[in-house]
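There are 2 protein chains.
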Amino acid sequence: MTNQVKIFDTTLRDGEQSPGISLDVAEKLEIAEQLARLGVDIIEAGFPIASIGDFEAVEAIARAVRGPVITALSRTGFQDIDRAWEAVRDAEHPRIHVFIATSLIHMKKKLRMTEDQVKAEVVAGVSRARSYTGDVEFSPEDGSRSDVDFMCDVLQLAVDNGATTLNIPDTVGYGVPEEFGHLIAHIIDTVAGDYVVSTHCHNDLGLAVANSLAGVQAGARQVECAVNGLGERAGNAALEEIVMAIKTRRDYFGGVETGVRTEELARTSRLVSRLTGYPVQYNKAVVGRNAFAHEAGIHQHGVLEDRETYEIIDASTVGQEAAQIVMGKHSGRHAFSDTLEKMGLHLQGDALNQAFIRFKELADRKVQLTEADLEAIVAEELGTGAVHRYSMVSLDVHGGTQATPIATVVLTEGEGKVDGEAEGNGMIDAVIAAIAKATGVSGTVLDFKVSSVTGGGDALGDVIIQLESDGYRASGRGVATDVVEASARAYLNAVNKVVRLRDRPRRERTVGP
Amino acid sequence: MTNQVKIFDTTLRDGEQSPGISLDVAEKLEIAEQLARLGVDIIEAGFPIASIGDFEAVEAIARAVRGPVITALSRTGFQDIDRAWEAVRDAEHPRIHVFIATSLIHMKKKLRMTEDQVKAEVVAGVSRARSYTGDVEFSPEDGSRSDVDFMCDVLQLAVDNGATTLNIPDTVGYGVPEEFGHLIAHIIDTVAGDYVVSTHCHNDLGLAVANSLAGVQAGARQVECAVNGLGERAGNAALEEIVMAIKTRRDYFGGVETGVRTEELARTSRLVSRLTGYPVQYNKAVVGRNAFAHEAGIHQHGVLEDRETYEIIDASTVGQEAAQIVMGKHSGRHAFSDTLEKMGLHLQGDALNQAFIRFKELADRKVQLTEADLEAIVAEELGTGAVHRYSMVSLDVHGGTQATPIATVVLTEGEGKVDGEAEGNGMIDAVIAAIAKATGVSGTVLDFKVSSVTGGGDALGDVIIQLESDGYRASGRGVATDVVEASARAYLNAVNKVVRLRDRPRRERTVGP
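Line by line, the protein sequences are chains A and B.
All residue numbers for the first sequence refer to this note's numbering, where the first residue is 48 and numbers rise by one.
All residue numbers for the second sequence refer to this note's numbering, where the first residue is 48 and numbers rise by one.
Simulated from the structure, these hints should not be mistaken for lab results.
Keep in mind that a hint or two might mislead.
Below are the SDA-like pairs computed for lysine to any residue, each with C-alpha atoms no more than 20 Å apart in a straight line [to be verified]:
#1 Lys294/A <-> Glu226/B
#2 Lys389/B <-> Gln401/B
#3 Lys389/B <-> Ser378/B
#4 Lys156/A <-> Ile359/B
#5 Lys155/A <-> Ile359/B
#6 Lys496/B <-> Pro326/A
#7 Lys484/A <-> His445/A
#8 Lys496/B <-> Arg336/A
#9 Lys157/A <-> Gln126/A
#10 Lys157/B <-> Glu355/A
#11 Lys294/A <-> Ser363/A
#12 Lys156/B <-> Ile359/A
#13 Lys484/A <-> Ser516/A
#14 Lys407/B <-> Ala450/A
#15 Lys407/B <-> Gln449/A
#16 Lys294/B <-> Glu226/A
#17 Lys407/A <-> Thr451/B
#18 Lys407/B <-> Thr451/A
#19 Lys464/A <-> Gln449/B
#20 Lys157/B <-> Gln64/B
#21 Lys157/A <-> Ile359/B
#22 Lys464/A <-> Thr448/B
#23 Lys464/B <-> Gln449/A
#24 Lys156/B <-> Glu355/A
#25 Lys464/B <-> Ala483/B
#26 Lys155/B <-> Glu355/A
#27 Lys389/A <-> Asn400/A
#28 Lys157/B <-> Glu358/A
#29 Lys156/A <-> Ala167/A
So the derived label-pair ranges between C-beta atoms look like this [unchecked claim]:
#30 Leu151/B <-> Met48/A: 29 to 39 Å
#31 Asp194/B <-> Ile235/A: 33 to 43 Å
#32 Asp298/B <-> Ile235/A: 17 to 27 Å
#33 Ile404/A <-> Arg549/B: 36 to 46 Å
C-beta atoms are modelled at their ideal positions from N, C-alpha and C, and glycine is treated no differently.
If we strip away everything but chain A, and leave its shape as in the complex, we get (with noise of 0.2 Å):
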């Protein structure tokens, strides 16, 4: 048995149906690339038939992006498969993910199957993907939950069709190790055939790094994870903590390895937060700012003297360093594009050009600006790396305990302008009701993060708005010394989103392993 284990990557997939998440194509190409960098085996991109926006991403990563397999989702159904597909067939390395659910509950509640009929979509699912790539992956959704012999028939099946990965989901989270590892040991037994055993483990016990780790420690030779643990309800098991547990234990682990650049960990880990809107908790494993004693980023010289007594990763090795200064108010557009390309950043044309004025803006305000500081700049503008509607030509703002909070927005729209004002319960609700009026785009605001960039009190703010208007649902991020301004970009960029969502079709809720 080879010693390597395949990095499957679901950010994109799983963890991209969490609620309130909503990534538009260039945002997903900018985490594809950067899983790319990390190197990952392989990339779940999405699931084509849910809707045109997920396909189009998909088709944009198989297009784009070199190196890791890139694989799409697919139910049994014909339809599912070729759209699947359509989606990767440009890609280097194309997969096909094929699901469909094997225990009793999901079979009689949500598909309304027989056994019989489930074995007969598997049959004819994984022969029809067979028949586009040689690669192919089979998961009998909600796996750890279903009777063990049907699903050895129905794996059998799989693979004497033409699959050549088996993945077993414990979809509902209700694994424990010892019994999880039992379970891909006793597939590996009864299944005949060449293929690869994976493990798809959920979080909802707080056991998805554990049940992952007992899969592979009974012979699965693919993990399928997500950054941050994101993913649907408590997630999926952590890629960081997954690379971590076996580079750190590898003699207990008989010596396995993932082919992951362990140094990528941290910043791939803040560029899905901030893509996403999904903060990472401070004592989060491996990437939660407080995960080295050394307190990263606050006290650079404060590492603690004997460091390996309460230590057992190096922060280095995870890319955990205090981000260096880069760039202050002098450095030129040339220098500004060069380091987004050492930071493996990249920005072209508009999306350039408009990060590059916000750059300068930010720049006349703050001394320096630091690397986490240009990724969040670069977040926003990936943000709204579509065509957006409107932009923020000016804002003006008056509150404070004294006064009812007023605001005044002018916005361009296309050629013309727009403009609004408002009073609100506080400042930014104000700025919020404004910005409603000269849109016309009014909804709830559901949720309103705001965090600093980096420490000091020059640090920007950074806003995340998730806004449900007419029953879409977007989030939009803004970044500005002013948190006021910020939050006006993030809710006029989460408008821009709404609007553009408007003319799509709804993506269908399915949930998948």
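Please build the complex by placing chain B on the supplied structure of chain A, with the hints as guidance.
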């Protein structure tokens, strides 16, 4: 062997040692009371020798909180142990928790002691503790990296000299479940006597919960853990995950159970997050806002049709329902304090008056306040529970993209008034500068977080600021309908804390198990 697994909560000791957390006595008491309500068996209230603040908090909890055992951490020196006993002696059920490192690296680099010296310390320390109380816990720090035979010798000495609980720490989060389970089993086989075995697992590789549960499978009957998984670096095993794994997979864990009232888990998590300023990530198991597929708090009626196809825990089991609307502007003082009592929040005297005034101010601007809103108001008042030097009279702010942001504040200082006016890079920056001018306390804002308490555009803004001034760190929290005003309140609360901290000796930097 008993089926009862004792839950030992170390949120107030190991959790509170996290960077930037500094809870005052009132805040610690509030958390301890909630832990008692939650039904934990043991509360580790602090490390009395570390600082006067720690001592006072442990003493206050020992005197006030009924139900759980109250314990204090202590090194083996008599001064430490005497101080720990002094702090917990008035508890209904006092315990002393003595620790010393047994790994080669810790003995060499930190303790600078030989094996024999460590053994002598254990004999002396445990005997001293036992002379005060019949409930003594002993921990060999860095146990998972210790020589097993030496550690078992040390544990035997601890039992022979009076220890009734042996706690095995995986101090650096190095363990993996199978291995850690074997270690626990080996200790039970090797060390003679009548004692309870306990686990204390850190999460550096994402395995703290799995390791603790492997310990339970092997015979451990106490688990040390913290709410939201707080603790040094990547934190401890998350209390809520331990409890729900044992409850949900009772079939697997041989029928063991905990005494925790799971329906208090969500509220406990929110309280700890508010008071520590540590956000809970959305995809956190059990207590994250996405933990349940029906998106609690967003769509009250949007529960998916076949809940059990994707959920293994019912949201109501852990108290994660949408907050009910409880209070409006017409609610009186009596109704207000009644509601708080029903929610289990005890405020008295000035703090109650202050909270009621803030409630009325907010209720005048908002139509209705939810339970979560009330929790936030109370959390702000708890943060200022001690005597505070400054409080806000008025605030006026103006800014936008065209004008330089400018702020004016008026504060009370004792009987008098002070004011300040300043410009800034943003409106919040200007407000902070104005407060710094008025109070003469300036510093670096290490972190700044804003979240909305509930959904909706009329949600309260909840701001947490971590301030470092003159080598002191303090966090402040502010709640208002206006984020800029909430920021001013948060900053002012942090300033008030810094002023208090300055008058006290500094805490020792000792990490512990």
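Against the structure, the hints come out as follows:
1. A C-alpha spacing of about 17 Å is found between lysine 294/A and glutamate 226/B, which places the hinted pair at or below 20 Å, so the restraint holds.
2. With a C-alpha separation of about 19 Å, the suggested pair lysine 389/B and glutamine 401/B falls inside the 20 Å cut-off, and the hint holds.
3. With a CA separation close to 15 Å, the supplied pair lysine 389/B and serine 378/B stays within the 20 Å bound.
4. A hinted pair counts as satisfied when its Cα atoms are at most 20 Å apart, and lysine 156/A with isoleucine 359/B qualifies at roughly 15 Å.
5. A distance of roughly 17 Å separates the Cα atoms of lysine 155/A and isoleucine 359/B; the hinted pair therefore holds under the 20 Å criterion.
6. Simply put, lysine 496/B and proline 326/A have alpha-carbon atoms about 11 Å apart, close enough for the 20 Å limit, and the pair holds.
7. Taken as a hint, the lysine 484/A and histidine 445/A pair is honoured in the structure, with Cα atoms around 18 Å apart against an allowance of 20 Å.
8. Simply put, lysine 496/B and arginine 336/A have alpha-carbon atoms about 14 Å apart, close enough for the 20 Å limit, and the pair holds.
9. Annotation: proposed proximity of lysine 157/A to glutamine 126/A holds, straight-line Cα distance about 19 Å (limit 20 Å).
10. Between lysine 157/B and glutamate 355/A the alpha-carbon distance is near 11 Å, which keeps this suggested pair within the 20 Å criterion.
11. Between lysine 294/A and serine 363/A, the direct Cα distance comes to roughly 14 Å. Compliance with the 20 Å bound is thereby established for this hinted pair.
12. Restraint check for lysine 156/B and isoleucine 359/A: satisfied, since their Cα atoms lie roughly 15 Å apart, inside the 20 Å limit.
13. Taking the CA atoms of lysine 484/A and serine 516/A, the gap is near 14 Å; set against the 20 Å cutoff, the hint holds.
14. Our distance criterion of 20 Å between C-alpha atoms is met by lysine 407/B and alanine 450/A, whose separation comes to about 17 Å.
15. In summary, the hint linking lysine 407/B to glutamine 449/A is supported, as the alpha carbons are separated by about 16 Å, within the 20 Å threshold.
16. Using a Cα cut-off of 20 Å, the hinted pair lysine 294/B and glutamate 226/A holds, with the two alpha carbons roughly 17 Å apart.
17. For the given pair, lysine 407/A sits about 17 Å from threonine 451/B by alpha-carbon distance, which is consistent with the 20 Å threshold.
18. The straight-line distance between the Cα atoms of lysine 407/B and threonine 451/A is roughly 17 Å, inside the 20 Å bound, and the hint therefore holds.
19. At most 20 Å may separate the alpha-carbon atoms for a hinted pair to count; lysine 464/A and glutamine 449/B meet this at roughly 17 Å.
20. For the hint linking lysine 157/B to glutamine 64/B, the alpha-carbon distance of about 18 Å falls within 20 Å, and the restraint holds.
21. A threshold of 20 Å between alpha carbons decides the hint, and for lysine 157/A with isoleucine 359/B the separation of about 16 Å falls inside it, so the pair holds.
22. Proposed proximity of lysine 464/A and threonine 448/B is supported: the alpha carbons are some 17 Å apart, at most 20 Å.
23. Between lysine 464/B and glutamine 449/A the CA atoms are separated by roughly 17 Å; this keeps the pair inside 20 Å, and the hint holds.
24. For the proposed pair lysine 156/B and glutamate 355/A, the alpha carbon gap of about 10 Å is at most 20 Å, so the pair holds.
25. A C-alpha spacing of about 14 Å is found between lysine 464/B and alanine 483/B, which places the hinted pair at or below 20 Å, so the restraint holds.
26. A threshold of 20 Å between alpha carbons decides the hint, and for lysine 155/B with glutamate 355/A the separation of about 12 Å falls inside it, so the pair holds.
27. Taking the CA atoms of lysine 389/A and asparagine 400/A, the gap is near 18 Å; set against the 20 Å cutoff, the hint holds.
28. Simply put, lysine 157/B and glutamate 358/A have alpha-carbon atoms about 14 Å apart, close enough for the 20 Å limit, and the pair holds.
29. Straight-line distance between C-alpha atoms of lysine 156/A and alanine 167/A comes to about 18 Å, which keeps the hinted pair within the 20 Å bound.
30. For leucine 151/B and methionine 48/A, the Cβ-Cβ distance of about 35 Å falls inside the hinted range of 29 to 39 Å, so the restraint holds.
31. The hinted range of 33 to 43 Å is satisfied by aspartate 194/B and isoleucine 235/A, whose Cβ atoms lie roughly 36 Å apart.
32. Checked against the given bound of 17 to 27 Å, the beta carbons of aspartate 298/B and isoleucine 235/A, roughly 25 Å apart, stay inside it.
33. Between isoleucine 404/A and arginine 549/B the C-beta distance comes to about 44 Å, which sits within the given range of 36 to 46 Å.
In terms of the numbered hints stated before, the structure departs from none.
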